[in-house]
Structure formats: structure tokens, C-alpha cells
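Enquirer: Full structure from sequences and hints, please.
Protein chains: 4
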Amino acid sequence: MNSLCELDKKELTNRLKRIEGQVRGIQRMIDEEKYCVDILNQINAIQGGLKKVSLKIFDKHVHGCVQRAVKNEQGDEIIDELMNVVEKFTK
Amino acid sequence: MNSLCELDKKELTNRLKRIEGQVRGIQRMIDEEKYCVDILNQINAIQGGLKKVSLKIFDKHVHGCVQRAVKNEQGDEIIDELMNVVEKFTK
Amino acid sequence: MNSLCELDKKELTNRLKRIEGQVRGIQRMIDEEKYCVDILNQINAIQGGLKKVSLKIFDKHVHGCVQRAVKNEQGDEIIDELMNVVEKFTK
Amino acid sequence: MNSLCELDKKELTNRLKRIEGQVRGIQRMIDEEKYCVDILNQINAIQGGLKKVSLKIFDKHVHGCVQRAVKNEQGDEIIDELMNVVEKFTK
Numbered sequence: 001m002n003s004l005c006e007l008d009k010k011e012l013t014n015r016l017k018r019i020e021g022q023v024r025g026i027q028r029m030i031d032e033e034k035y036c037v038d039i040l041n042q043i044n045a046i047q048g049g050l051k052k053v054s055l056k057i058f059d060k061h062v063h064g065c066v067q068r069a070v071k072n073e074q075g076d077e078i079i080d081e082l083m084n085v086v087e088k089f090t091k
Numbered sequence: 001m002n003s004l005c006e007l008d009k010k011e012l013t014n015r016l017k018r019i020e021g022q023v024r025g026i027q028r029m030i031d032e033e034k035y036c037v038d039i040l041n042q043i044n045a046i047q048g049g050l051k052k053v054s055l056k057i058f059d060k061h062v063h064g065c066v067q068r069a070v071k072n073e074q075g076d077e078i079i080d081e082l083m084n085v086v087e088k089f090t091k
Numbered sequence: 001m002n003s004l005c006e007l008d009k010k011e012l013t014n015r016l017k018r019i020e021g022q023v024r025g026i027q028r029m030i031d032e033e034k035y036c037v038d039i040l041n042q043i044n045a046i047q048g049g050l051k052k053v054s055l056k057i058f059d060k061h062v063h064g065c066v067q068r069a070v071k072n073e074q075g076d077e078i079i080d081e082l083m084n085v086v087e088k089f090t091k
Numbered sequence: 001m002n003s004l005c006e007l008d009k010k011e012l013t014n015r016l017k018r019i020e021g022q023v024r025g026i027q028r029m030i031d032e033e034k035y036c037v038d039i040l041n042q043i044n045a046i047q048g049g050l051k052k053v054s055l056k057i058f059d060k061h062v063h064g065c066v067q068r069a070v071k072n073e074q075g076d077e078i079i080d081e082l083m084n085v086v087e088k089f090t091k
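Chain order of the listed sequences is A, B, C and D. Quick note on full-length UniProt numbering: the first sequence kicks off at 1 and runs consecutively. Quick note on full-length UniProt numbering: the second sequence kicks off at 1 and runs consecutively. Quick note on full-length UniProt numbering: the third sequence kicks off at 1 and runs consecutively. Quick note on full-length UniProt numbering: the fourth sequence kicks off at 1 and runs consecutively.
Bear in mind the hints are in silico, worked out from the structure with no lab data behind them. Careful: at least some of the hints might be erroneous.
Stated by the list, open to error - The list that follows gives simulated cross-link-like pairs (lysine-lysine, DSBU-like), each with its CA atoms no further than 30 Å apart: (1) 91/B / 71/D; (2) 71/C / 60/A; (3) 52/C / 88/C; (4) 71/C / 10/C.
Expert: Dropping the structure here:
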């Protein structure tokens with residue numbers, strides 16, 4: 001169970017399909033010996049796309065799962081878990 | 001008002017004093033014409049120190065302020081504000 | 001033209017195929033309503049994979065294209081271009 | 001020895017003095033129990049400042065030290081060292 005509604009799922013799936021296509025595009029660029037800098041810029045675009053996906057999921061998780069847990073007096077556990085994620089994603 | 005107790009404040013202040021000293025150290029390294037790579041590695045260490053400070057404050061904020069707000073039915077506003085911060089700190 | 005040899009191309013293509021599979025895996029996780037935190041951890045793994053790909057290409061680019069350009073007295077242009085990439089990838 | 005001219009040194013020292021002041025500002029904010037989110041935003045500003053400093057030094061290093069080394073047939077060693085730095089600073 002997560003906190004994504006049908007609309008979120010549709011939006012995220014569309015984004016991820018685009019990202020999947022971009023990853024395949026990188027494989028093609030490598031195969032066709034495109035210029036390194038162009039490949040790197042394209043990878044940067046993928047990372048930007050993934051960041052958007054993760055921020056969306058993060059947002060829904062905190063508004064949904066975390067709020068529910070806090071109201072059920074189980075906030076501290078879910079927040080510790082959340083901080084683990086934040087640590088990984090923090091620059 | 002924030003969610004830092006006296007112990008947190010002491011720990012964070014100590015960390016920040018160290019970071020302040022490291023920033024002064026970089027100025028000295030530049031003045032003494034130290035090798036670029038050594039300066040860059042030192043800046044990286046400072047960034048690591050700042051990340052630890054921000055994760056600590058973030059953790060206390062979510063466990064404290066955010067939980068309190070959720071219990072007072074003001075969760076959505078404080079979580080939107082939180083997501084703004086997360087976006088800035090996310091790689 | 002880039003600085004990737006056949007061996008690099010093979011290694012990078014393998015990595016990217018794995019990443020492509022992982023991106024499809026995220027779509028499945030969303031479809032199957034897996035837990036947000038598990039999805040986020042999986043996205044973090046993809047970002048780690050992409051970082052490895054970009055560091056490899058970056059490394060080959062500097063050892064190859066950049067060195068060649070410097071020896072042909074065209075170093076400054078290619079380094080300005082490189083710095084543009086570094087800025088995007090820097091946390 | 002590094003690749004920073006007097007003008008660079010002056011600019012970087014000014015930036016670092018400002019950053020040092022901002023780090024002291026964070027200590028004050030903690031002491032005065034300012035709101036967590038305001039402290040986090042201020043830390044984010046410091047990290048932005050440090051990124052600018054490191055990009056400047058990186059740029060000068062590649063245009064200067066690295067180009068010189070490449071012309072003296074010592075490019076590969078200095079580029080390996082550079083990649084070590086890039087890896088640390090890459091998100």
C-alpha cells in the first residue's frame with residue numbers, strides 16, 4: 001500500500017516511460033559513438049526526470065502515509081524510516 | 001520556536017564552530033597558494049559537515065514541529081513547506 | 001566521435017540495460033502499489049547506476065578528447081565546455 | 001602551487017569571508033531558536049556559495065594545472081587525480 005492515487009500513478013508512469021526511452025536513447029548514442037558531452041547532458045536530463053519522480057512520491061508519502069501514521073501514534077518509526085531516505089537523496 | 005533541545009543546540013553549535021574554522025582554513029590555503037585539489041577536498045569535507053548539520057535539523061523538525069502540526073490538523077501546510085526544503089536539498 | 005573504446009561501450013551498454021530494467025521495475029512497483037519508501041530506495045539505486053555511467057564517460061572524455069584538444073592548442077574551448085557539464089553534475 | 005591568480009584569490013577570499021559570516025549566522029539562529037526551516041534555507045544558501053567557490057577553483061585547476069601537465073606528457077596522472085575529485089563532488 002502506498003499514498004499514490006490513480007492520477008499520480010498515471011502521471012508517474014508517463015514520466016517513467018519517457019525516462020525509459022531516454023535511457024534507451026543513451027544506449028543508442030553510445031552505439032553510434034556520439035560526442036561524450038552530448039551523452040553526459042542527456043544523462044543529466046534523465047537524472048532531472050528521476051528527481052521529479054522521487055519528489056512526487058516523497059510528497060505523497062509524507063502527506064499520506066506519514067500523516068496517517070502520526071495520527072495513529074506511530075509517527076516516530078515512520079519518520080526514522082523517512083530520514084533514512086532523505087539522507088540518501090540529500091546532496 | 002524550533003524543535004531543537006539544549007543537547008541538539010550544543011552539538012550543532014560545536015559542529016558549526018568546526019565548519020567555521022574549516023572555512024577560515026580554506027582562506028588560508030588560498031592565501032598560501034596550496035594545491036587546488038587539496039583545497040577542493042577540504043571544501044568537500046565542509047559540505048559533508050553541513051550535510052550532517054542539515055540532516056540533524058531536518059530530523060528534529062519532522063519529529064517535532066511536523067508531528068505537532070499534523071496532530072493539530074495543520075499537517076498539509078507544514079508538509080508543503082517541508083517539501084520546498086526537500087526539493088532544494090535533493091540531488 | 002567520442003573517447004569510448006569497444007570495451008567501454010560494452011560495459012556502459014550493459015549498465016544501461018540494467019538501468020532500463022530498473023526503470024521498468026519502478027513502473028511495475030507503482031502499478032502494483034508497492035510501498036513509497038521501497039520505490040524511493042529503488043530510484044536511489046538507479047541514480048547511483050547513472051552516476052557510475054556518467055563518471056565513466058566523463059573520465060574517458062577527459063583522458064581522451066580533452067587531452068587531445070589540449071595538445072592541439074584547443075584546450076581552453078573544450079575545458080569551458082567541460083566546466084558546463086561539471087556545473088550541472090555538481091551537488 | 002596552484003592556478004589561482006591574484007584576482008581569483010581576492011574574489012574567492014571575499015566569497016569565503018561571506019560564507020564564514022553565514023556559518024556564524026547559523027550558530028546565532030540556533031542560539032536564538034529560530035525556525036528550523038529558516039535555518040535549513042540558510043544552510044542551503046551556504047552550500048550554494050561553497051559550490052561556486054569549488055567550481056571556480058576546479059575551472060582554474062583544469063585550465064591551468066591540468067593543461068600544463070598534459071603538455072608535459074603528465075596528463076594521465078593529473079586526470080586520474082581530477083576524477084577522484086569529480087567523483088566526490090558529483091551528485
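Enquirer: Now tell me, hint by hint, if it's right for this structure.
Expert: Hints, one by one, checked against the model:
1. Annotation: proposed proximity of residue 91/B to residue 71/D is violated, straight-line Cα distance about 36 Å (limit 30 Å).
2. Pair hint residue 71/C plus residue 60/A does not hold up; C-alpha atoms about 53 Å apart against a cutoff of 30 Å.
3. Restraint check for residue 52/C and residue 88/C: the C-alpha separation of about 16 Å stays at or below 30 Å, so the hint holds.
4. This hinted pair checks out: residue 71/C and residue 10/C have alpha carbons roughly 28 Å apart, not beyond 30 Å.
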